[in-house]
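Trainee: Got chain W; can you put chain F on it based on the hints?
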Amino acid sequence: MTKKVLFYLNQFFGGIGGEDKADYEPSFQTELVGPPTGIMPKAGDVESVGLIICGDNFFGQNEDETKAFIAKVIDETQPDIFVAGPAFNAGRYGFACAGACKVAHEAGVTCVSGMYEENPGLEHCQSFAWVAQTANAAAQMRKALPIMANLISKLAAGEEVTPEADKYFAQGRRECILVDELGSTRAVKMLLARLNDEPFETELPMPSFDVVEPAAPILDLSKATIALATSGGIVPNGNPDRLQSASAQQWNKYDISEYDQLKGDFYTVHGGFDPVYCNETADRVLPLDALRDMQKQGKIGKVYDFFYATTGTGTAVANARKFGEEIGKELKEAGVDGVLLTST
Amino acid sequence: MRLEHNLIYIKDVVLGDVNKVEDGVLTVDVEGLKAAVMTDDKVKDVKVDLAKPGERTRIVPVKDVIEPRFRVGRTNGFPGVTTKYEQAGDGVVNILKGAAIVTIGDMVGFQEGVIDMWGEGALWTPFSKTFNIVVDITPIDGLDPHQHEVVVRLAGLRASTFVGLAAENAAIDETKVYEIGTMAEEEAKYPDLPKVLYVQMNIAQGLLHDTFFYGVDLKEIIPTWFHPFEELDNAVISGNCVAACDKITTYQHQNNALTYDLYEQHGKTINFIGNIFSPELTTLDGKFRNCDYCAKLCHQLGANGVIVSEEGYGNPDSDLVMICSRLEKRGIKTALVTDECSGWDGTSQPLTDTAPEAVAVVSSGNVSKVIDLEPADKVLGNIKSAQTLAGGWDGCVAEDGSLKVELNAVIGATSEIGYHNASVKLY
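From first to last, the protein sequence lines stand for chains W and F. Per the working numbering: the first sequence = residues 1 to 344. Per the working numbering: the second sequence = residues 1 to 427.
Just so you know, these hints were derived from the structure itself, not from any lab. We treat Cβ as the ideally placed atom computed from N, Cα and C, and that holds for glycine. The reader is advised that the hints may include incorrect statements.
Unchecked claim - Restricting the straight-line Cα-Cα distance to at most 16 angstroms, the calculated cross-link-like pairs of lysine to aspartate or glutamate (EDC-like) are:
hint	chain 1	residue 1	chain 2	residue 2
1	W	Lys189	F	Glu264
2	F	Lys425	W	Glu175
3	F	Lys425	W	Glu164
4	W	Lys3	W	Glu47
5	F	Lys425	W	Glu201
6	F	Lys425	W	Glu160
7	F	Lys219	W	Glu201
8	F	Lys425	W	Asp180
9	F	Lys425	W	Asp305
10	F	Lys425	W	Glu19
11	F	Lys384	F	Asp400
12	F	Lys329	F	Asp377
13	W	Lys322	F	Asp345
As the list claims (entries may be wrong) - Pair ranges (Cβ atoms, derived):
hint	chain 1	residue 1	chain 2	residue 2	range
14	F	Tyr427	W	Ala135	40 to 48 angstroms
15	F	Asp12	W	Val211	52 to 60 angstroms
16	W	Ala290	F	Ala398	40 to 48 angstroms
17	F	Thr224	W	Pro214	35 to 43 angstroms
18	W	Gly338	F	Ile222	55 to 63 angstroms
19	F	Glu399	W	Phe209	24 to 32 angstroms
Next comes chain W alone, as it looks inside the complex:
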């Protein structure tokens, strides 16, 4: 079935004018001008429903208004694919293309763009749009358009695209698939290639890690409020909030203001360690008993009334980051000075 394409250009590529027209209000036309006329003949089984043109400054200064305009055009024209740019290394244009794609993406429309790798707009749409890799300047338009046209053609036909073959910036989505060869065979081939100094391609490029600055030390523990938090899956007996035993999708907090220890009333649902000793005495994972002793001895000011728990095993880092931000915010607002964070 022929797919419908809606285009987006800035004032310059839309033929309105240069920098002096950068505050051009968004407009819609069915007639194509500029890059789309180079894309369409090679874009496969698609038809154009029209073109939005908007000044880059106008987009930046009236983002909500522009996005509402784009949403309205999408609603009226019902495109399958939204094509913005190419923006090369033009920062404001790249930002506008990313913003426009966001609107289309949220409306369920497939998005295609084209940018240079340093375009600041890239990070705002790379994860959901298919952004063709282009040179940094419009002089390379003739090379950029076929890449975008190819992406449109394949996406319209429902064909698979890959970053290497189709020259787009990887969206960062790691899709689990079944392949022809066993993992063992692939590993032996990879090692042989290395031993023979032949080319090979890793299936898992190493992730880059955040570096977390340690917080400033607590100068006077005897006045500090200390909270307990754990990835050890500690919950009240019966797991009332149904915390997962692995791959947590949630965190929970529990009132311990009336408890001197967790023993007897709490246990672990964590699936990644030997639970026997923890289930005898949950304080072995989350040491409320020891903290209460320190509180009685005046070594710490107070134990915070709630503890926080999730399950660490198999939990996606993206989830863990979100949990951390949410829990951290609560603790900060509650005036907690320090957190004893236990893992298993």
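Mentor: Here is chain F on its own, set in the frame of chain W:
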């Protein structure tokens, strides 16, 4: 050392009153099998069922999978575990190829798994292709989890040996001979081939997370060099209930895919000089000791290249990249096999640790991929148990019996010894 695998290809299995193979049809003596399992007075009851490829049968919760075999002219069982110690790796084994013992029963921990014999689920486990003799074990009341795990583990091994008796006099379809001489002999034969070792990391962390070599608990050893054929001859068993997707079942030890594939290259492109166990411990000091020792051993043995396979994920990711760094810094080239934990949508960071030296890595799949499994006609075990598996959750079993789980819960889905064909592709 010379090991012969006599393969008897099993094309169907039926329950009967004698153990035998005729024209590829395995008959299992049901009462005899039950009696073999019941020899432990801690077993209260046992049930036996069959699950065949293509049937709309779901098995859950699966504890272990074991290949039924007969060790010819030698102690018949698992040396150091179900029989007295005897050196493995040298001799003849008759194998009911295509049959498997699958143990199920009450949950011991959270990390048993699912096997679907048909449809989408079958794609994600290598044990949908085997004729499974499903042994449902109920222990006596009042056992603590440690004892429960031991009872079920040993019962499965006994069951496999009992069914394996059918291989004693069965017609052999194919014989595979594995032969590797001493280091000096192989070096003299293949002076120009690069020397390659296989480092097998194993979870060795306590209840539900242990592996045994001749009955020795791997968490008690420092990395040990062993002959690849010992593992292919029943010397290694799983006591391991780490996430179902990447734990190495006993069956996978008996048929270690990396050992098979490395042996295939022996004398052609490489000189395969052996395997090393590197236990994954829980303490930092233990990790430093074992990773250092493992790399030292590889260096001492003169390896040019090493394949390292992980078991599990999370803290063992650190062992994996630590071993890799130490080998690469000694000039030894590595290829690693690991699965990844990239979240439901595949956009999360895949590993919990990293090293710049880890440039050649095979990904055996994303453990957090969610799959939808349609209702089964027959469930062996307890469908509700899926809710407490790692990779399941409260509500993952629908009213109609359909199931939504992460690959985490599927036996062997992301096998890090490369026993399956899952991978990950970046889009």
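Trainee: Could you run down the list of hints and mark each one as holding or not?
Mentor: Do the hints match the structure? See the list:
no. : hint                                      : in the structure
1   : Lys189(W) / Glu264(F)                     : 12 angstroms, holds
2   : Lys425(F) / Glu175(W)                     : 5 angstroms, holds
3   : Lys425(F) / Glu164(W)                     : 11 angstroms, holds
4   : Lys3(W) / Glu47(W)                        : 6 angstroms, holds
5   : Lys425(F) / Glu201(W)                     : 12 angstroms, holds
6   : Lys425(F) / Glu160(W)                     : 12 angstroms, holds
7   : Lys219(F) / Glu201(W)                     : 34 angstroms, violated
8   : Lys425(F) / Asp180(W)                     : 13 angstroms, holds
9   : Lys425(F) / Asp305(W)                     : 45 angstroms, violated
10  : Lys425(F) / Glu19(W)                      : 42 angstroms, violated
11  : Lys384(F) / Asp400(F)                     : 12 angstroms, holds
12  : Lys329(F) / Asp377(F)                     : 55 angstroms, violated
13  : Lys322(W) / Asp345(F)                     : 15 angstroms, holds
14  : Tyr427(F) / Ala135(W): 40 to 48 angstroms : 23 angstroms, violated
15  : Asp12(F) / Val211(W): 52 to 60 angstroms  : 59 angstroms, holds
16  : Ala290(W) / Ala398(F): 40 to 48 angstroms : 44 angstroms, holds
17  : Thr224(F) / Pro214(W): 35 to 43 angstroms : 39 angstroms, holds
18  : Gly338(W) / Ile222(F): 55 to 63 angstroms : 38 angstroms, violated
19  : Glu399(F) / Phe209(W): 24 to 32 angstroms : 43 angstroms, violated
Checked against the numbered hints listed earlier, the structure breaks hints 7, 9, 10, 12, 14, 18 and 19; every other hint is satisfied.
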